[in-house]
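Chemist: Position chains C and P relative to chain Y; hints supplied.
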Amino acid sequence: MTTTDSPTTPGPAPGRERGDAPRAAAPRRRARTTDRGLNRVFRWTATGAGGLILGVLAAVAIFLVLRAWPALTAGGDVLGEEVAWFPEGASLVSFVGPLVFGTLLAAALSLVLATPVAMGIALFISHYAPRRLASTLGYVVDLLAAIPSVVYGLWGSLVLPPVVVPVWSWLADTLGWFPLFAGPASPTGRVLLTVALVLAVMILPIITAVSREVFLQTPKLHEEAALALGATRWEMIRTAVLPFGRSGVVSAAMLGLGRALGETMAVLMILSPGLLYSFAILQAGQQQTIAANIAADFPEANPLGVSALIATGLALFLITLLVNMGARAIVARRKDFSGAN
Amino acid sequence: MSALSTSPARGDAVQDPARTTAVRALLRGADGRRRRTDRAMTVLMWGAFTLAMVPLASVAWTVVVHGAERFDLYFLTHSMRGVFGGMDAGGIYHAILGTLLITLGAAVISVPIGLLAAIYLVEYGRGPLARAVTFFVDVMTGIPSIVAGLFAYALFAVILGPGVRMGVVGSVALSVLMIPVVVRSCEEMLRLVPNELREAAYALGVPKWLTVVRVVLRTSVAGITTGVMLAVARVIGETAPLLITVGVVDSINGNLFEGRMMTLPVYVYRQYSQGLVPCSSVTDAVCLPDINYDRAWAAALTLILLVMLLNLVGRLVTRWFAPKTLR
Amino acid sequence: MAQRIDVKDLNIYYGDFLAVQDVGMTIEPRSVTAFIGPSGCGKSTFLRTLNRMHEVIPGARVEGTVEMEGVDLYGDDVDPVAVRRQVGMVFQRPNPFPTMSIRENVLAGVRLNNKRISRSDAEDLVESSLRGANLWNEVKDRLDRPGSGLSGGQQQRLCIARAIAVKPQVLLMDEPCSALDPISTLAIEDLVAELKDEYTIVIVTHNMQQAARVSDRTAFFNIAGTGRPGRLIEMDDTATMFSSPSQQATEDYISGRFG
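Protein chains in written order, with this note's numbering: chain Y, 1 to 341; chain C, 1 to 327; chain P, 1 to 259.
Okay, chain Y solo, but in the shape it has when bound (with noise of 0.2 Å):
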């Protein structure tokens, strides 16, 4: 980078349309007396760079909305005429049900899984591991989220279920009579159990992060408060450090559940896909989810067929933006209280 030697280099938003022609020349002559100009131009492409983020949200719902159009227009008998993999006599609504329920489904568990191992983590980072080790660790729980989705795919559907399949076999041939564990267990290991556990190891660098940060916030006063009271460590945690943190771990797992409902590769690689409103998650060919689905029929999709996936992309972009919404408003909500003590 050259951004050092040059001041023209960082400050211009190449192809937006402000005020081009005066930066250009500006910073050779001695800007003093251009300066309320220039001022002015460098703050508006800030500003206009701000407003322009909030245009491309905008813009992700637009232009879904205008290709999602001509699905949610048509009926389900043309979908279904018109559209290979479309079934028979579905409505689009019917079509989006299954799918979004298997999202649903395989992010809860995922979660399920993931926030107590990540509080355990982020717990151990912030209150029990010694001191100097306490940020590698939390760099090697990190790492975790450095690894591809692509990558955890291969390992989850390569890798895991010979070992996994063992132990869901088990599971259904002792705890069938759940509806969750309704045998017979799948041999192949392609069931939602799998891509939950997948998803909870890559949903749980997240979870762990936020979780930290808001376990290291805990006052010092309240920690030592308890002590003082004749607490052991883990008395300590319950009474001062986990109810000062609950917001703060809710907005985590919901981090966690927004990353879950979008993850694509893994669930795609991994699991036996079926469309069908099912609860029984060590059986192949049951559910599907959202992403999954739209990256497995994109490439071979009609016109007709790709505006259906689009309209189920829009359904995803609006179920994660409420939860991302939702998490993101309670960690606001705390920042203010925090910074009002």
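Keep in mind that the hints were calculated from the coordinates and are not lab data.
Everything hinted at is true.
Covered stretches of chain Y (in silico footprint by chain C; criterion: 3 or more residues with CB under 8 Å from a CB of chain C, positions within the stretch not fixed): (1) 54-62; (2) 230-243.
From the structure, some residues in chain P lie toward chain Y, with a derived Cβ separation under 7 Å: (3) 56; (4) 84; (5) 85; (6) 89; (7) 95.
Simulated pairs of lysine to any residue, SDA-like, Cα-Cα distance not exceeding 20 Å: (8) Y/220 x P/58; (9) C/208 x Y/36; (10) P/167 x C/21; (11) P/167 x C/31; (12) Y/220 x P/152.
Since we're looking at a predicted model, the values are computed, not measured.
C-beta: ideal position from N, C-alpha, C; glycine also.
Modeler: Below, chains C and P alone, put in the same frame as chain Y:
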């Protein structure tokens, strides 16, 4: 010290053995249940961490072991053109090229926007717009990558008509994912620049924009570089958006604006999904049934090495070039 | 209830840094002992070694002995958790648990030891502790409201109620009035005078008038310079300390010549 020797004389009084025993009993410790709970929780915390290390170690181990089999110079410098069946050939040159070009394109789009937005938030941001930008940048980090891909596809479909597959569409998709990360890390770095530096510049009569460019950016350039590299590392492994926007191809394509391109993550998926090769007859010269999986693992290894390299260099940049005040 | 504490040859470290050197003293039961001295002289650090709160800070450790009725608090068979249960502490800034009601705050320490305390016992304990902290009349009709809604002085008395609810042997107070207004300060000082009938009280204070008002014995700590360890200069009956101290440094400090 003479005062000390006189004053605590009373402390040498003989202890009452009954009280000593009573106190000793009091201080022996919490009851067993509490101590066991505490110890159990400590074990659980360590256990949680160890548990999380299992998949990390397993992924790293399998990728290295399986990937090393085909990971060589030939693999890195050849494409998949003319490779079929169980042939003992084929490589990822075209995919590396595609990944680098598309990611570069994404960086070219997102770094200026992200950096300027960060400057806006740190130097100018006040009021409802700044709050909205901060909030939605955070929300944007949660956009599913496949939705970003759909957006880029829809955008170009509206402009150029449906069915477009080319590198730059992938770049746009990746930049939707990359911009919020860049904004976040740049914002963090800019906020680290002490206000005294800005005030010192203003006091010298330097206008604000020049202060930002010359003082603020210059001070934080190492941190920003790191942030950008980490952002690149995050999107370089994205598969789903590239799968639907850039597509799949077996030969080398160096043009972002023309035709399909191969990328490393998509290559991994593509090889994986082709599965085992049926090597039916002995008459075939060479037929490796596992060849697709082997290539997938080797490409995955390359991808992970690339990501780790970016992470490592990013961190080293901060360590080497950070001004003393930022350490 | 109250116990005597003997400190012998105590050195207090943060990592390799020697913060307080060679302290020896006796703290009498059923009395108030005040620690005075300039900022950074180690009086708070020393106070925290009396209930093993010092070691909560990473790298912190001590050498020497702190004996309660002849039992070394740092002995092998002593549990720091039990020490803190027997030696209560009130901090500089009031720190009621923000997520708990006033009632729950008072019971916080008791619940750790005794989960199944009966409802009526709990009510009695809340009342007696709050009465003991001179807070009962002010809060008796809002026991279920959060403790953080009280004024600073009330919060501090709530913390004292929380500390005495577990019936400790010794009560340590680390500048309990430094964050409070004068009226709240007086309320706390009255309370200290009442509590000494039942507890051994040690109070760290910046305020020499306060030390003179509330304490029976006073210890003066000083520091030779930045980076040097703090030391106990002199300890005696409060009346003697404030009228005819034996050390020049004590006299200088008490007469306001430094600190």
